Amino acid sequence: MAKFTLTNGKIIVKPFNKIWLVLGALIALVILFSYFIPLDLVNFKPDQLPIVLKKMFTPQRNRTWADYFEFIFSLQDLLVLTLQMCYGGTVLGSLLAIPLALLSSKNIVKTKFVYGPARFILNLFRTIPVTILAVLSISMVGSGVLAGIFAMMFFTFGIMAKMLYEVIETIDMNCYEALESTGANKLQSVRFAVLPQVFPVFIGYVMYIFEINVRSSAILSYVGVASLGNVIRENELIGYDRIGGAIIVIFVTSLIVQFLSSAIRRKLQ
Amino acid sequence: MKRAEAMYRKLPKKWIINLIFAAVLAILVIYSFQGSHINPIRLRQLPFVIRSFFRGFGNILWPAFFGFGGYDFDESIVYLALETLAIGFFGTLLGAILAIPFGFLAARNIVGKHVAKIGSVLLIIIRVFPEIILAIILVKGLGSGAFTGILVIGLHSVGMLGKLFAEAIDEMDNSSLEALDAVGANGWQKIRYGIIPQMAPLMSSITLYRLDINVRSATILGVVGAGGLGALLTIFSDPPAWPLLATILLAIIVMVLLVDGVSSYLRNKLV
Chain R
-19 MAKFTLTNGK IIVKPFNKIW LVLGALIALV ILFSYFIPLD LVNFKPDQLP
31 IVLKKMFTPQ RNRTWADYFE FIFSLQDLLV LTLQMCYGGT VLGSLLAIPL
81 ALLSSKNIVK TKFVYGPARF ILNLFRTIPV TILAVLSISM VGSGVLAGIF
131 AMMFFTFGIM AKMLYEVIET IDMNCYEALE STGANKLQSV RFAVLPQVFP
181 VFIGYVMYIF EINVRSSAIL SYVGVASLGN VIRENELIGY DRIGGAIIVI
231 FVTSLIVQFL SSAIRRKLQ
Chain F
-9 MKRAEAMYRK LPKKWIINLI FAAVLAILVI YSFQGSHINP IRLRQLPFVI
41 RSFFRGFGNI LWPAFFGFGG YDFDESIVYL ALETLAIGFF GTLLGAILAI
91 PFGFLAARNI VGKHVAKIGS VLLIIIRVFP EIILAIILVK GLGSGAFTGI
141 LVIGLHSVGM LGKLFAEAID EMDNSSLEAL DAVGANGWQK IRYGIIPQMA
191 PLMSSITLYR LDINVRSATI LGVVGAGGLG ALLTIFSDPP AWPLLATILL
241 AIIVMVLLVD GVSSYLRNKL V
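Quick note, the sequences are listed as chains R and F, same order. Last residue of the first sequence? That's 249 in my numbering, and every number before it is there in order. Last residue of the second sequence? That's 261 in my numbering, and every number before it is there in order.
For the record, the hints were derived by calculation from the structure and aren't laboratory data. Predicted model, so just to flag it, every value in this text is computed and none were measured. We treat Cβ as the ideally placed atom computed from N, Cα and C, and that holds for glycine. Errors might be hidden in some of the hints.
Footprint (simulated), chain F over chain R, 3 or more residues, beta carbon under 8 Å [to be verified]: (1) 121 to 135; (2) 194 to 205; (3) 224 to 235.
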């Protein structure tokens, strides 16, 4: 450790920099986790990537560009199906999340015995991956749109409840107290003091989660819910250009949804 | 009283517009259920399914979980969970390192308005590109395995991390840089004593937040062959093997709650 002697005789010791502690911990974690990542360069073939990309985004096997685009436009039924699932799931899940979010916020429910368990349930719910939710819904209602809606709904419910209670905790409580002092009951105070403050943020979050759901909807095909991912799954071995077509549709849809939702969110603020 | 009532009548009739909006949204929800049919046989099985799901949690397969009995540790669920954690960790590290140059590229006070616009559009495109699609392309192009998973998560997190880094850099306090200029510090010294001390806590907090998200998505990406627990989820989902699914789910819940707790504890300490 460096010592400095000032002209008046005082000795100043440079304090220990905590960055070394952090760096040490980071390096230890890197070494620990590298054990689980086998660096097998046999399976790793980077020269394949350009070939695969070319196979995906140009027509293959005697097909023409006309066929390629015709296929892209023939995906509209699956696209509508995917959007149906995402929309229904997002809206219903968000609405269901409102009561739990109110129960989890410290400033509305002041008893720890209520908001503690509510938060625990919420956190537990949030850990379950969407694929397991989909498997559960399929075994309940069979594969189809309904299973997709349920999976998306449960998924949205978890995220939305968490994001919403964090917003509710930051609102201005003065109007709430004012309403309570005029003799309004809890429900009325929430309706007229909490909801107006939270509503614009809530709509923004609904759009945001809708975006996430559209982007992740392809995963549901891998556990048996029909969506755009089906095309990718069915053409796994040959027909890479079909996969490429589906990828283009998914990407363009996510771009449009992102564009629309950020436009609406900007308007709301 | 009359006056108050008159004022009340004068209020703009917003509720009509709101009602129309709500009606449109509700009709769309009803439309979204179109084409869904309820399978009556499945519905009759509903109590049975729920019972077998919860029974699955009753007899969690501990040998498969910890890797003893007939199982190797290399194939146990704990091992795969740690692999998933490692994918999330290295992916976040890669993403954070890649995001630093992107963050500077999209910060208005460093590169100017026009370059920052290009940088932020680039970041939006990275962010919008679905992670699962990136995983499918990279698994086909580079081969399956944990290494591909790290690349997918790293590349995808650049989008959000870069944007948040750029916002952090934008709001940087310039006075300390001016002070360093005044005492005659050179470029490296300005970065070391002016920028790093300001940026490090904020950037680490953002990265820790992303770690939480990345570990969650690492549990899913295995479905398409990017390593980790996800691969097992597809194998055991059709028909659902509840005891095994419950065992996997237990590992995921413990892992995610742990990462969530550690991440939010460290973030609270940082800021």
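These are the hints, each one checked on the structure:
1. Restraint check on the segment 121 to 135 of chain R versus chain F: 6 residues with Cβ-Cβ distances below 8 Å, three needed, restraint holds.
2. Check result for the segment 194 to 205 of chain R against chain F: holds, 7 residues qualifying (beta carbon to beta carbon below 8 Å, three or more required).
3. Only residues whose beta carbon comes within less than 8 Å of a beta carbon in chain F count, and the segment 224 to 235 of chain R has 5; three or more means the coverage holds.
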